[in-house]
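2 protein chains.
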Amino acid sequence: MKTELSTRLGVEHAIFGFTPFPAVAAAITRAGGFGVLGAVRYAAGEDLARDLDWMQEHTDGKPYGLDVVMPAKKVEGVSEADIEAMIPQEHRAFVQETLAKHGVPELAEGEASGWRITGWLEQVARSQLDVAFDYPVKLLANALGSPPADVVARAHDRGILVAALAGSARHARHHQDAGLDIVVAQGYEAGGHTGEIASMVLTPEVVEAVDPLPVLAAGGIGSGEQIAAGLALGAQGVWLGSIWLTTEEAELHSAALTEKLLAAGSGDTVRSRALTGKPARQLRTAWTDAWDDPQGPGTLPMPLQGLLVAEAVSRIQKYEVEPLLGTPVGQIVGRMNSTRSVQAVFDDLTRGFERAIDRVNRIAGRD
Amino acid sequence: MKTELSTRLGVEHAIFGFTPFPAVAAAITRAGGFGVLGAVRYAAGEDLARDLDWMQEHTDGKPYGLDVVMPAKKVEGVSEADIEAMIPQEHRAFVQETLAKHGVPELAEGEASGWRITGWLEQVARSQLDVAFDYPVKLLANALGSPPADVVARAHDRGILVAALAGSARHARHHQDAGLDIVVAQGYEAGGHTGEIASMVLTPEVVEAVDPLPVLAAGGIGSGEQIAAGLALGAQGVWLGSIWLTTEEAELHSAALTEKLLAAGSGDTVRSRALTGKPARQLRTAWTDAWDDPQGPGTLPMPLQGLLVAEAVSRIQKYEVEPLLGTPVGQIVGRMNSTRSVQAVFDDLTRGFERAIDRVNRIAGRD
Numbered sequence: 001m002k003t004e005l006s007t008r009l010g011v012e013h014a015i016f017g018f019t020p021f022p023a024v025a026a027a028i029t030r031a032g033g034f035g036v037l038g039a040v041r042y043a044a045g046e047d048l049a050r051d052l053d054w055m056q057e058h059t060d061g062k063p064y065g066l067d068v069v070m071p072a073k074k075v076e077g078v079s080e081a082d083i084e085a086m087i088p089q090e091h092r093a094f095v096q097e098t099l100a101k102h103g104v105p106e107l108a109e110g111e112a113s114g115w116r117i118t119g120w121l122e123q124v125a126r127s128q129l130d131v132a133f134d135y136p137v138k139l140l141a142n143a144l145g146s147p148p149a150d151v152v153a154r155a156h157d158r159g160i161l162v163a164a165l166a167g168s169a170r171h172a173r174h175h176q177d178a179g180l181d182i183v184v185a186q187g188y189e190a191g192g193h194t195g196e197i198a199s200m201v202l203t204p205e206v207v208e209a210v211d212p213l214p215v216l217a218a219g220g221i222g223s224g225e226q227i228a229a230g231l232a233l234g235a236q237g238v239w240l241g242s243i244w245l246t247t248e249e250a251e252l253h254s255a256a257l258t259e260k261l262l263a264a265g266s267g268d269t270v271r272s273r274a275l276t277g278k279p280a281r282q283l284r285t286a287w288t289d290a291w292d293d294p295q296g297p298g299t300l301p302m303p304l305q306g307l308l309v310a311e312a313v314s315r316i317q318k319y320e321v322e323p324l325l326g327t328p329v330g331q332i333v334g335r336m337n338s339t340r341s342v343q344a345v346f347d348d349l350t351r352g353f354e355r356a357i358d359r360v361n362r363i364a365g366r367d
Numbered sequence: 001m002k003t004e005l006s007t008r009l010g011v012e013h014a015i016f017g018f019t020p021f022p023a024v025a026a027a028i029t030r031a032g033g034f035g036v037l038g039a040v041r042y043a044a045g046e047d048l049a050r051d052l053d054w055m056q057e058h059t060d061g062k063p064y065g066l067d068v069v070m071p072a073k074k075v076e077g078v079s080e081a082d083i084e085a086m087i088p089q090e091h092r093a094f095v096q097e098t099l100a101k102h103g104v105p106e107l108a109e110g111e112a113s114g115w116r117i118t119g120w121l122e123q124v125a126r127s128q129l130d131v132a133f134d135y136p137v138k139l140l141a142n143a144l145g146s147p148p149a150d151v152v153a154r155a156h157d158r159g160i161l162v163a164a165l166a167g168s169a170r171h172a173r174h175h176q177d178a179g180l181d182i183v184v185a186q187g188y189e190a191g192g193h194t195g196e197i198a199s200m201v202l203t204p205e206v207v208e209a210v211d212p213l214p215v216l217a218a219g220g221i222g223s224g225e226q227i228a229a230g231l232a233l234g235a236q237g238v239w240l241g242s243i244w245l246t247t248e249e250a251e252l253h254s255a256a257l258t259e260k261l262l263a264a265g266s267g268d269t270v271r272s273r274a275l276t277g278k279p280a281r282q283l284r285t286a287w288t289d290a291w292d293d294p295q296g297p298g299t300l301p302m303p304l305q306g307l308l309v310a311e312a313v314s315r316i317q318k319y320e321v322e323p324l325l326g327t328p329v330g331q332i333v334g335r336m337n338s339t340r341s342v343q344a345v346f347d348d349l350t351r352g353f354e355r356a357i358d359r360v361n362r363i364a365g366r367d
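Protein chains in written order, with UniProt numbering: chain P, 1 to 367; chain H, 1 to 367.
Since the hints were derived computationally from the structure, they do not count as laboratory data.
Which copy is meant is left open, so a pair is good if it fits within one copy or across any two.
Here are the simulated DMTMM-like cross-link-like pairs (lysine to aspartate or glutamate), alpha carbons at most 25 Å apart as the crow flies:
hint, residue 1, residue 2
1, 260, 208
2, 260, 293
3, 278, 289
Note that the structure is a prediction, hence the values are computed from the model and not measured.
Based on the sequences and whatever the hints tell you, model everything.
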């Protein structure tokens with residue numbers, strides 16, 4: 001599965017795998033794809049350095065990338081404490097009420113909140129980049145808009161390609177104008193932050209909008225048939241995130257959450273602002289229902305909502321409080337029905353791709 | 001572009017075109033596709049008979065189908081007047097207020113409401129079928145659930161294949177259990193009544209759910225590349241509706257509406273209950289905004305909403321009141337940017353399909 005972009009990056013298959021877990025990212029790269037490690041959960045540079053060291057040792061010299069979440073709009077001189085202070089009391093009370101209603105225990109005294117969203121903050125993202133630029137990362141992706149010009153320049157100086165997610169042709173053109181190298185067209189059905197346009201429509205629209213820039217199709221892709229579809233739509237590769245969440249290498253640290261993912265159907269996700277303040281697709285839970293309820297206080301804008309709910313999400317995850325337990329995931333969750341190794345998933349993708357090509361060739365009378 | 005289903009129906013290309021306009025349906029059939037005439041706008045059997053006579057004369061003996069809107073739930077012995085009586089006064093007042101706010105003129109005295117939704121009513125759909133069964137229709141499609149068992153039996157007695165739209169694998173299995181022959185997997189991005197699951201995820205899910213029943217991919221398809229994607233996902237054909245709305249043969253009878261469609265981007269549609277009471281994708285307008293506004297009275301369930309707004313929609317269309325003027329259409333509206341003949345659109349589809357096959361074969365190393 002070779003495109004101009006996969007050849008340029010030196011990978012066997014034009015399959016890009018986004019994941020917050022180093023073991024998954026490394027396994028994707030070893031399987032012949034391009035693993036992209038999500039950095040948002042790393043609050044401290046040393047944690048990221050430790051995991052990038054590990055990646056270096058476990059990728060056999062093959063290429064991998066890093067995904068940061070750097071908001072497009074820069075907020076100068078604002079600390080985490082300043083932002084915390086902007087959160088209304090009503091919303092804090094609603095968090096506690098919702099947790100109490102479901103009997104979610106407190107964290108032990110002094111126990112740190114495990115789920116972090118501090119990577120949303122520019123200063124944190126920048127400290128992550130300072131670390132990352134010491135490693136032979138081949139691709140830097142940004143989930144929220146184009147990275148600042150100086151970051152793009154630093155990446156390019158090091159021969160690192162820069163990508164960003166886009167939910168519309170307008171966003172994609174903005175990335176092109178900002179000098180980016182790759183656009184990830186993130187369809188409505190995708191997990192995490194998404195727009196309203198589904199992949200079937202968005203992919204070719206973005207391809208046309210930024211031609212000749214390479215585009216990766218993201219959203220709704222978890223089989224080789226879907227990869228073939230994404231490539232038929234003009235993408236130079238596909239970007240898969242959700243499908244790795246139930247692999248053996250994923251470190252969800254919650255059997256209950258894994259069970260929920262394995263049991264969920266494609267209709268069990270919702271696009272909600274509950275987690276970050278921007279619409280992000282995730283499992284629909286009593287938690288998302290509470291925030292999406294017109295009778296409730298509603299969500300706060302990013303980054304307030306993320307800071308507001310961080311400790312609560314940690315508690316829900318630690319104590320595995322089933323009705324509230326969720327995670328960002330796409331509609332593809334409906335076909336995540338067994339726990340397999342990354343290699344097994346990858347083999348399934350490449351075999352399914354070949355089957356799909358056979359199929360369309362038969363239909364086109366080319367067999 | 002041949003599949004088992006297209007061969008069975010005797011068409012050259014597995015492209016199914018749904019349209020309310022006989023001239024469009026006939027042109028799709030003549031071009032080598034399968035034209036499907038939407039019957040919902042026919043209140044009287046004689047009007048449908050006249051247009052089916054015309055179809056017979058203009059399809060060169062090639063096959064075509066009919067699409068009715070027969071609600072799955074039968075309401076016995078209820079007349080249109082009975083249903084009218086269930087509409088609250090508050091909602092009637094809201095219609096008049098919204099029309100007045102935008103200065104929509106009244107219809108002339110005695111002038112009939114041109115936009116009809118009476119085809120939603122079972123007795124009307126049944127009278128349409130009584131007419132249709134006298135013609136060599138090859139496919140009967142139902143937009144709202146499985147048709148009643150006696151209708152399926154009557155169709156099968158005449159060698160007519162029966163199809164129904166499905167927005168989920170569960171709906172699709174229901175159609176299979178009801179003895180239907182084809183499922184149209186209608187993705188989130190589609191125009192008209194849609195569910196929440198996007199085509200990229202829905203198509204393969206439905207294919208797997210009803211195997212070996214043939215599935216048509218619908219939603220987001222308006223180019224040959226998108227056709228290739230739909231077929232790669234396992235469909236035996238594609239079902240296109242929106243793309244024909246701006247063809248030369250389409251009888252929208254409103255230059256302003258055609259202009260709106262040509263100008264709209266993929267983000268200019270909304271899934272709203274404003275038109276029928278069930279979520280249907282359409283152009284976003286001041287009309288849909290009014291009904292979707294949490295401050296307003298909200299929409300009524302089908303069929304009440306459709307009856308409530310029928311005359312208003314006729315007035316908006318007749319007087320082309322721009323801010324309110326809309327139509328069901330999918331996200332593909334973003335690429336409907338010029339008025340061309342059905343044949344030109346069709347040629348574009350088949351050429352784009354061949355290009356997409358070339359492309360994926362190059363990526364797969366099969367060129």
